[in-house]
Structure formats: C-alpha cells, structure tokens
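Q: Read off the chains here:
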Amino acid sequence: MTRGPSWFNVTSLVVGFSFLYLPIVLLVIYSFNKSRLVTVWGGFSVEWYVSLLHNEQLLDAAWVTLRVAFVSASVATVLGTAAALVLVRSGRFFGRSLFSGMIFAPLVMPEVILGLSLLLLFVAMDQSRGFWTVILAHTTFAMCYVAVVVQSRLVGFDKSIEEAAEDLGCPPVKTFFLITLPIILPGVVAGWMLAFTLSLDDLVVASFTTGPGATTLPMKIYSQVRLGVTPEINAVCTILVVLVTIGVIAASLATRRQQVQKERDERTAFGAEG
Amino acid sequence: MAKKSIGPVRREFTPWETPDHPPFIEFRNVTKMFGDFTAVDNLSLKIYEREFFALLGGSGCGKTTLMRMLAGFEAPTAGQIFLDGQDLAGIPAFRRPSNMMFQSYALFPHMSVEKNIAFGLKQDKLDAAEIRDRVAEMLRLTKLEQFAKRKPHQLSGGQRQRVALARSLAKRPKVLLLDEPLGALDRKLREETQFELMNIQEELKTTFLIVTHDQEEAMTVADRIAVMDKGKLVQVATPAEIYEAPNSRFVADFIGDVNLIEAKVSRKSGEGTLLESVCEGFAIETNQETDAGIGDRVWYAIRPEKVRIAHGRRDQDAANQIDGLVWDIAYLGDVSIIHSKVGESEKDTILRATFANVSRMVDNPITWDDEVVLSFDRDAGVILRG
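Residue numbers (our numbering), protein chains in the order written: chain A, 213 to 486; chain B, 9 to 394.
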C-alpha cells in the first residue's frame, strides 16, 4: 500500500477540477481585463465594476431578479413543506404514489416544456405577463425541490415527538409551530436557499413567462451576450459567483460547527456517566 | 395448618376483589380494526385507582393499541373507554387527563431538560412560579437537578428515560401510561429503574398503566397483569397467580419456564379432590379439581423449580416420583437446569428440573447419564385444558 496520493489520484483530481472550474476562473480573470476586447488581455483594471454601477439596465434587472427569487422561494418553501408533510405523514391514501410521482416530475421535466405550458396557461387565463407571472412560474418548479429537501428531513423524524406534545396538552396546529417546525427548520432553510438559487439563475422559464418591465438578470445577460460579450457581463457574473460561494461556505461552516458541538456534547455526557 | 396462599402478598391493596368497587379506567367491549386486521378484539377490562397495571404480551398482541386508544391517538372501532367515569369518545389527545411516556422517550430535541418538563405545564397556562416549583419537584423526584440546563442529546440513555418520566408526571395526570419504558436500557439499569418506578408510584399514588413484552418487568412492578394474545385478554391476575395458577397453556408458557406434560384423566375422586393423569407411562397424582371427564386429554403444567431431583434416594413425602435419565445440564451459576428423559414411550419426554446450587462443593454431583428420581408434591402443578 502506498502512502499519500498516487499519480493516478493526483491526475484525476487536476483533470476533474480543471474541467469544472477552468471556465469560471477564466471568467473571473477576464472581468479584471483592461481591454474592451473580451479575449485579449490588456492589463489589470476594475473599470468594468465601476461602469457596472452606472449601468441602470443591469442594476434594474438584478433588483427584479432578487425580488422574484425572494418571493418565489418563500412561497415555494411554504407549499413545498406542506407537500412534504402530506407525503411523509398521511400514510397510505388513494393515489399516494401517483401524487409523490407527480410532485417530483417537474424536477426532470424539460424547462422548455414547463415554460411553454405556463405561458399557455397565462394566455388562456388572459393574464398580462410580468413580475407576478414569473414569480408564479418559479414557485411551481422551486416547490418541488423544497419538497424533496424537506421530505428527507421528515423521514427521519420520530412522529411520537409530536404525539408527546399533543399528549401534554398542545393542540395540533400549535404543535406544528412549537415542535415540528423548529426540528425540521434546517431542511426548510436549505430548501429555501435552493429555491432562491434556482430562481436566481433561471433563464428559460422566466423568458417564457415574463412581460415588459420584468426582465431578470439572466435574461438581460443572455440578450446582451448575443450582441457580443462585454467585460461588464464578466464583472456581473464574477459578483454572482462570489455571492454564491460565500453563501455555500457559510452554510457548510454552520452545519459543521453544529455537528462538532453535538459530538462534543455527547462525549461529555457519556464521559460523565462512565 | 396455616392458611396457604399463592405467592407473596405485596400490600393490602386488592380493590379488584371487591365486586362493587368502581373502576377508574374501563374498557367496555372495545374493538379496534386496522383494515382487515383486528388489533383489539371485543375486549373488556377494569383498572382501579392507584393500581400499577401491566399489559403483557408479544409483539402484535394489541397491547400498545389498547394504550394508544386510552391516550387518544387511536379511536376504537367499536366499544367505549371510560376514565374516572367519563366517556372518552370524541375527546382529542390534548384534552385527555392522561399522560404518556413513550418508548422512544420522544423528548423535544431543541429544548433543555427544564423546558421539556415545563412544556405540558405551559400548555395549561399555569403561572411562572407554579411551573418553576413543579419542574423543581420533578427534577428532584427523578434526580435530574444537575442536568436541568442540558439538551437531550447531551444526556445518556438512562438520564433521557428519567426526563421522559419527569415530563409525563409533571402535569399530575390521572393516569400515567408507560409504553415499554425501559426497553432501551441495559439490564442492570433496567432493574434499578423498575424499583424506582415502583417507589415513585407509591409516593405519587397515581394510577400507572405499563405496556411491556418483558414478563420479568411486568411481574416486578405491577399489582396486576393482563396477559394478551391476538387482541384478547388471556388472563388478568396478580403476578403470583399468573405464575402459579396460569389458566391456559399460553400463559403458562409465556410466563417463565414450564414443563407441559400431555396427559389423560384416568381417575377422579372426591376425597381430597384427587385425580390421576397418565402420560408416557407414568402417573401424576394431583390435588386439583378439573371439569374434564375421564379419558379427556389435558396438560399438566409444572414449573421446573417445583421438581426436586436426586440420585436414587426416594423422597418419602412426595406424592409423585418419576425415574429419569439426565440428558442435559445447563449451568447458570445460581441454579442448574437439568433436563431428564422420563417415561417409557418411544417419544422422548423431557422433564426440566431446577437445581439450586446452594453449596460450592458437592460430594456426588448430578451429571450426564445419571439415573435420577424426579419428585414433586400433589399441589406442585396445575391441570390445563387448553
């Protein structure tokens, strides 16, 4: 047995991560490009970040995107949590497997189809398209992801904890807010974050369901790229990458610290016993 | 001659022997179906105030369902349940005056020990000072004072068990329901906790209803035991009666170790209520009465510790003396269980006898293939019909 990484492992690691991250690294580097030409390096500069601050259109699009993501993630979290509760808890009812299949279908459904069908629905309803139709559309697919995440948290949930609360005189609805929700909260928060991210970078569904005055950032970027990539776009994307990275690192650090704390507590408890 | 009674008498508390004594909990013709499966089958049972009552049976016998119906987590398909004279039908779990201690303890993982215990009191909207006093009282009762601020995951299994007990007792319920409360503890801790439970019950004078599959646990803690099988009560009696006078082969076999000998009634006589059973070429003389007729098939149940075993030397006082051949010995330290072949038939009949190892050194120890005499008195066993 060899100690340390073998040449095979090192190669796999380098190749795999290059494949994943080289494009992103290039994008970040070129966002600091002084040259106006995207593919020619003209020296270091932050001028594109500065000009970004004065680009009203991009800022507007970013603001719309954030609002859409926040509202649709919140609505999707409520609906998705409710769906997960029903699917895990209500035991066998008629059509249960059909329902659980149907709630996961949008996960694998091509986005084009989802977008098109929503568009048809809004047209049939004679609904003028804009900010709220995008939110509705994002809620529909984001709630499936929330349901999946919350469901995994609920499967390991000891139902007798809720029964204990009721046994001690707590009515069912109050039990949900005092007992169930705090326990499944990590799953609910993770579901919200997932929904938020999905809404943030969705292009296809938003393109189908949006209307005048509700252009999201991905749509804006896409339409600009078709006219040629400007370094400003690189700067926007870099900011997005940084934001997402910070979010992911913060979330995993928090989870890890909780885990370490729990293990330490358990050790002390058993140490005191022995 | 002194009056003979079955087993030790624990205390002067036998309300079930008074015909008119009002029951505290009553199941009246209760049936519970899950789809096609009958979990509880037309069952009637009376439990009295301050009683420590055990529901005992194997898994799937309906004992937990019976308890969950009392707590309000399941509704009976038919029949009525009364608690302190009140029909519980239609009363949801959170309004019932009973509290339950769950098998998994079901502690609230995001609350400290104190908050767990105070939870039920807060639901009753008691004032803060009262809640503080009650929580302190419960912490003292369960010896958890130093752990008040800890979260459940910072406690050992035994401590969690005590938190669960404290939480379910804090509201001073009319009945405490215990669902396999000690199942997750190791043997030593379980035995300690059984006695602790009994002391707490004596102190609080609350009616306790415990569900368990562990017959030793039921015998230790309970005033009366109901043995259940397939949704029905098989026998309801004190631990000693259940052990010494089982009413069926099921109970005899379920509780403790027993020799069940298939036999035929060969003679019934009035004087001293003597009857004789014949099986595998030996006779058994008992002082038991039976309503079985001559020639009917019955079972004779005798506990291994009631059978004396010796080399050749006849025990003059014993009514029954059977020759046997030692077949197997299980040495358990305090006792040895000796399996002997008896009878003359082709089919081997094994009779188990318990041999208490009272001395460390034995002159002529019983060993494999020894010829022995197994003896027991006329009142040592019981005749069972089914």
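Among the clues, some could well be false.
Rough simulated footprint, nothing fancy, chain A against chain B, three-plus residues with beta-carbon under 8 Å [stated by the list, open to error]:
(1) 121–131
(2) 135–141
Among the chain A residues that face chain B by a calculated CB cut under 7 Å, a handful are [to be verified]:
(3) 369
(4) 370
(5) 375
(6) 376
(7) 378
(8) 379
(9) 380
(10) 381
(11) 383
(12) 392
(13) 394
Honestly, the hints are just simulated from the structure, not real lab data.
Using N, Cα and C, we set each Cβ at its ideal position, and we do this for glycine too.
Q: Are the hints correct? Go through all of them and say.
A: Hint by hint, here is what the structure shows:
1. 121–131: Since three or more residues must qualify, the claim that chain A covers the stretch 121–131 of chain B holds, with 3 doing so at under 8 Å.
2. 135–141: violated (count 0)
3. 369: Result: violated, 10 Å to nearest chain B Cβ.
4. 370: holds, 6 Å
5. 375: holds, 6 Å
6. 376: Since chain B brings a Cβ to about 4 Å from residue 376 of chain A, closer than 7 Å, the hint holds.
7. 378: holds, 5 Å
8. 379: Residue 379 of chain A check passes; min Cβ-Cβ to chain B is 5 Å, inside 7 Å.
9. 380: At about 3 Å, which falls below the 7 Å cut-off, the nearest Cβ of chain B leaves the hint on residue 380 of chain A intact, so it holds.
10. 381: At 4 Å from the nearest chain B Cβ, residue 381 of chain A passes the 7 Å test, so the hint holds.
11. 383: holds, 5 Å
12. 392: Since chain B brings no Cβ nearer than about 10 Å to residue 392 of chain A, farther than 7 Å, the hint is violated.
13. 394: holds, 5 Å
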